[in-house]
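Chains A and B are the protein sequences, given in the same order.
Residue numbers are given in this note's numbering: position 543 of the first sequence equals residue 543, and the series is strictly consecutive.
Residue numbers are given in this note's numbering: position 744 of the second sequence equals residue 744, and the series is strictly consecutive.
Calculated from the structure, these hints are not laboratory results.
Hints are supplied without guarantee of correctness; some may be wrong.
Only some residues are given here: those of chain B computed to face chain A with a beta carbon under 7 Å [unchecked claim]: (1) SER518; (2) PRO581; (3) LEU582.
A quick note: this is a predicted structure, and the numbers were derived from the prediction, not measured.
C-beta atoms are modelled at their ideal positions from N, C-alpha and C, and glycine is treated no differently.
There are 2 protein chains.
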Amino acid sequence: MTQASQTASGWWVKEDSFSPNDYRKQESLMALSNGYLSLRGSFEEESIKLGHAGTYLNGLYEFHPLQYGEKYTGYPEQSQVMINLPDPKSVNLSINGHTFSLDEGKILEFERYLDIKTASLARHIVWESPSGDQVNIESIRFVSATYKHLACLQYKVTALNFSGAITLTSAIALDRQNLTREQDPRVGVNFEDASWRISETHQHHQLLQVHGSTTLSKLKFRCTLANELGGLKTINTAFEQTAQALCLVGKGQIQAGETLTLTKYMWYDRYEMENPVAQVESIQALGFEALKAEHEAWWAKSWEQMDISIDGAEPMQQAIRFNMFHLTQAVGKDGYTNISAKGMTGEGYEGHYFWDTEIYMIPFFVYTNPHIAKQLLLFRYNTLDKARERALELGHKQGALYPWRTINGYECSAYYPAGTAQYHINADIAYAIRLYYLVTGDKLFMESYGFEMLLELSKLWMDLGVFDPEKAGAFCIQEVTGPDEYTCLVNNNMYTNAMVKSQMAFTLQCFDLGLQLSPSTQALAENFDRALAQRIIERMFLPYSERLKIHAQDDSFLSRPVWDIANTPRNKFPLLMHYHPLTLYRHQVCKQADVVLAELLLSDQFSLEQKKRDFDYYAKITTHDSSLSTCIYGILACELGDMEQSYQYYIKTARTDLDDFHHNAKDGIHAANMAGSWMGIVYGFAGLRWQQDTPVFNPALPPAWTGYRFTVQIHDMSLQVSVQADQVEYALLTGSHLTLKHKDQAFTLTQGQAKVMQ
Amino acid sequence: MTQASQTASGWWVKEDSFSPNDYRKQESLMALSNGYLSLRGSFEEESIKLGHAGTYLNGLYEFHPLQYGEKYTGYPEQSQVMINLPDPKSVNLSINGHTFSLDEGKILEFERYLDIKTASLARHIVWESPSGDQVNIESIRFVSATYKHLACLQYKVTALNFSGAITLTSAIALDRQNLTREQDPRVGVNFEDASWRISETHQHHQLLQVHGSTTLSKLKFRCTLANELGGLKTINTAFEQTAQALCLVGKGQIQAGETLTLTKYMWYDRYEMENPVAQVESIQALGFEALKAEHEAWWAKSWEQMDISIDGAEPMQQAIRFNMFHLTQAVGKDGYTNISAKGMTGEGYEGHYFWDTEIYMIPFFVYTNPHIAKQLLLFRYNTLDKARERALELGHKQGALYPWRTINGYECSAYYPAGTAQYHINADIAYAIRLYYLVTGDKLFMESYGFEMLLELSKLWMDLGVFDPEKAGAFCIQEVTGPDEYTCLVNNNMYTNAMVKSQMAFTLQCFDLGLQLSPSTQALAENFDRALAQRIIERMFLPYSERLKIHAQDDSFLSRPVWDIANTPRNKFPLLMHYHPLTLYRHQVCKQADVVLAELLLSDQFSLEQKKRDFDYYAKITTHDSSLSTCIYGILACELGDMEQSYQYYIKTARTDLDDFHHNAKDGIHAANMAGSWMGIVYGFAGLRWQQDTPVFNPALPPAWTGYRFTVQIHDMSLQVSVQADQVEYALLTGSHLTLKHKDQAFTLTQGQAKVMQ
């Protein structure tokens, strides 16, 4: 513990005392994951009944029937819900007949420590039992970054002032279930029946195994737990199985000063392999320390690619690393899973994937770990057929329509005005494809996947939109919902229309890239009506008020009365929890950035003056009830030269979860917002944009900081940017040569070269 | 039977043979009611397991929890569902050990006969048991129009070719429940638990009694059944009680030629009185025939006030009388109940009351039975406080908002875009108040109820609407749904805006009527912003396309692609059962009359040329998937001089249920459409409109008819209008003098006077 505490600042989240009220929040913040397996940051001890211990596998879901007062054609029949699985980290400790818990005895020392740099969670406790026996308990765990099925835990008990009987139980806890839905449409569901069942249990030497499957979705899982008990002269072990747990019980006599160590090798798989017992045993043979070293090496490499250091603002330094850590650990890395809105740290939003991935998180991955960005896009490619099905179901004659929320690729939004109607998901995916190609130059991806998706995504808009005779033949997109969910089912949402225009233009550009296509994609391309796409680009309608000289969020948005945010009581936010949708929809009030987001993503299409007018107008009527909002406003404020306002937004963004601004970190962290905090530095303060094929920086330094430095990956090269008050240094760490711009000045860096700009 | 069959044409609905496939439909068509108690037209015999025997009390509902995939503030927690109660008409017959059923033996003769004139249902059967014993079974029943708690049934069994044992059981069947929901959002719900429970049962002489209450809504009901068995030398009776029924079992020996008669006096109450046993016994003492005579006298009087006779078109004659019969029997007559969309003939729409009452049915009652029209308006007055509550819940600072669907006055629409968002319900109620006052001149009603409602209804619009700066300050109403539910959540629905304008004007007029107001209404009136109301009238926005020279159904309706109705397969109608709402909403396709309805109701505000252009446009894109549509189109077609088209619409309207055009008469008749068939004659063919305070007729004769005659009540006077090919006769049957117009010619009739116009 002491050693870890001495590491550099900004690399940890620490608890110095135990606070039951914060426990569920800390479970989320201190969750560990590798994008496949996730363990919430709950205590190991089964005897401590607090919070919500969660064990999740990315992509493992149960069906949950969706209920509707009135159900119509095309409504999803069921939701997919990320489920809480048997918990392999379970431990129980008993000293001279007293079970360690928070109800009995005394906590003499307490510390918990999330080590962001090494992605591990440690706890230190000194406990005195009701009889006065004192033990030191150290536990540390990690979810392996190198073996995706593996998590490891070490639990050490030292007798301080006594000798006596000790019982240490290692278990796979079976009495886990999902959270019951609270009075919040954004959280959890309750399964009327169990969401999973155990089909087999096994025990072998000191190894326990559970086979199970989900009840309705019939997805299989298997948990294998190898145990090592050591440190005492003799330990007697026995197996026990109850409805609650499968246990290995170790009993012995401990002498004062002696330490009993339990090491747990926890393996979760989904039957991708033969029974993994031998594999787990050989992993175990490598030992806890060696596995941990491998894990740490992976993280060291990752930090090299992505770290951001901030000088002079410790809370911001901690926040940005904490956020990047969560994103990097949570993301699915196999092309078949994605990244949950809550990053598998809690059950909020049922573990679903949203547009958060494409518009918020893919930018982070594209610039820090483009291989992962590609896997996220492949997830969409792998569900393209389902999106084609969905388009037909929604009455379209062609194209693909991606689901608003999903795990397996099928739609599971239960309230279509703020769900399925958010057709912009299509444009968001197209945008992410474009960004990925722009930053990586990965032509092979475009040939095999990207172009095919673009064609289908674009065909959908051709079917949906109309050249509106009432608007002089402008291309209009009706009856959709934009990012701002406080106004639903609108005509010509500005964000959607602008994004579709950009998507169409990129789709047409791809015809000129000389892509080598498969025959089926070739056929798709030949049937694609390029003239129509061109006409759509030329005639795309962007709602604009001549009266106010601003973009309208949609055709009728500016006709509505402005919501009186200032006189709305604080306890009425987020508004969606306190007002009927109709009440919200008939006012000018935004949950989150909409017009302003379009003007960030399509930065070169709007003048600075226009952006400023739009920003000033919408900033006043935006509640930021969505965590996807402040980051965007902060970046725009910076672009508009208002560093003070920008930095206020940035603080709210960066520490959203650490300071629990939304009062719901207990249900999981806000992954998109975390990515937004990364964008806040790279797009915001450093001002990264693209002019055609050239990255352009326009760096500024928040007054509270003395400097900051970050690394981005562009076209397989590593560029480090160091911003200080009086200068900016650009260094090409890897790669042959890169042309970029500092403000208006273009220059080329070769490998190892650095350039300082004033 | 024979006697009834000889009555005049158009007075009956008959079945000559038994058709199991039509059985559930016939249960609806042959349902009998008095607006308080309703019995579906099921056979009496418990042994015949077919269809859905329904027993309903108007206003007696159970709560049913509403489920939402995502639930927001202001969504109704529960629906109110009209429930199926214990069935007092139950009879079982057994001959020499063989129970009469359709599974055994043979039906030698069969006839069923709904007598519209006397509101009674008779059945004639000759049945041969498996042993060859033949019985003649005659049953006849009515639900008393003069004693609202009472229904009577007589069941006569004659041994034709045998002598032997006979058992005749009279029961209150207890095993009734509501229909299970089918794959149709318009039909039924299934209660997970029983919707009612029996608390007590009693038996006394030959009388049975059941006390019960609904499970969640805690509403009490009581069913008292007095029985008379006679005609045989000896009959032994015994009581039996099972979970299924409370029975009086009569056993005896019947000789060939003898007739055993069971008379049932069925009394339902909701504890409005002391235990009614004595009352039922004194009613019973009056005897079946006397009660029936009283009942028939009531109906004779009603027919006198409302009958329409049609010469030369028997199916139309039958249809209009059938429709008026259903409306008159189904309507709640006590100011605390209303009229279900299905008229208590089935469980479609859960027994709810809609705007159907105000816009379709109140016109019928205003002109035929104004006292009933007043009771319907009092229902709204009696739920005004609930509407005030609802307005606050929907975020309004003032006014009242009536529920889209309800039984007890609280909203129970579960899909707000085609429910709560139909704010036009407010304007519909205001319209009905105006119509009632116009036709009856009932100033007392306005003083005590009407004006107070109008003020609250108008204040709501003041809160909801805005003077839109984007539309040069026009008064706009946003985010509402008009009558056409195939386009929801729109801005400036033409029907709504036009109706609100008219409502505001009438509200202001009322200030000049010299009404004697209560202090509280006086205070309301003084606080009413008349200047604002005047400004709303002047600046009301009615969407209009200069390109097409037609009214737009709403701001963006005409921007959408037109739905290809002609190439939509027939089995895809009604569209709402086969397409996602988004698919419908983004097309120009109407479920029902919207603009066209406004132009009927506010006839004097639109030129004939304008009506014609609007009619021609909307007729092409209307599916009439709602049964509230063809009647309106038919009336407008007639006004526009297209009698051929008008008559085609009329046929579809008039015989909707008799010919089961919507394939769902099994779930209940279409009450509003029935009223539409009355409007089709009086507003349509006879062209009744008002010019200020004067009724104006503009009669036409459908070519298929040789003449028609109807009676309407205006200002407490009875006016008979007889239309023939070459002349129209107006006769003032009762009342002192009435000024009216035939086309452009004004004239005054005095009592008993008739005037013939060429």
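Cross-check of the supplied hints:
With its C-beta approaching chain A no nearer than about 32 Å, B:SER518 sits outside the 7 Å limit, and its interface hint is violated. With a cut of 7 Å, the hint placing B:PRO581 at the interface with chain A holds, because the nearest CB-to-CB distance is about 6 Å. Taking 7 Å as the C-beta cut-off, the interface hint given for B:LEU582 holds, the closest approach to chain A being about 6 Å.
When the structure is compared with the earlier hints, a violation turns up for hint 1 alone.
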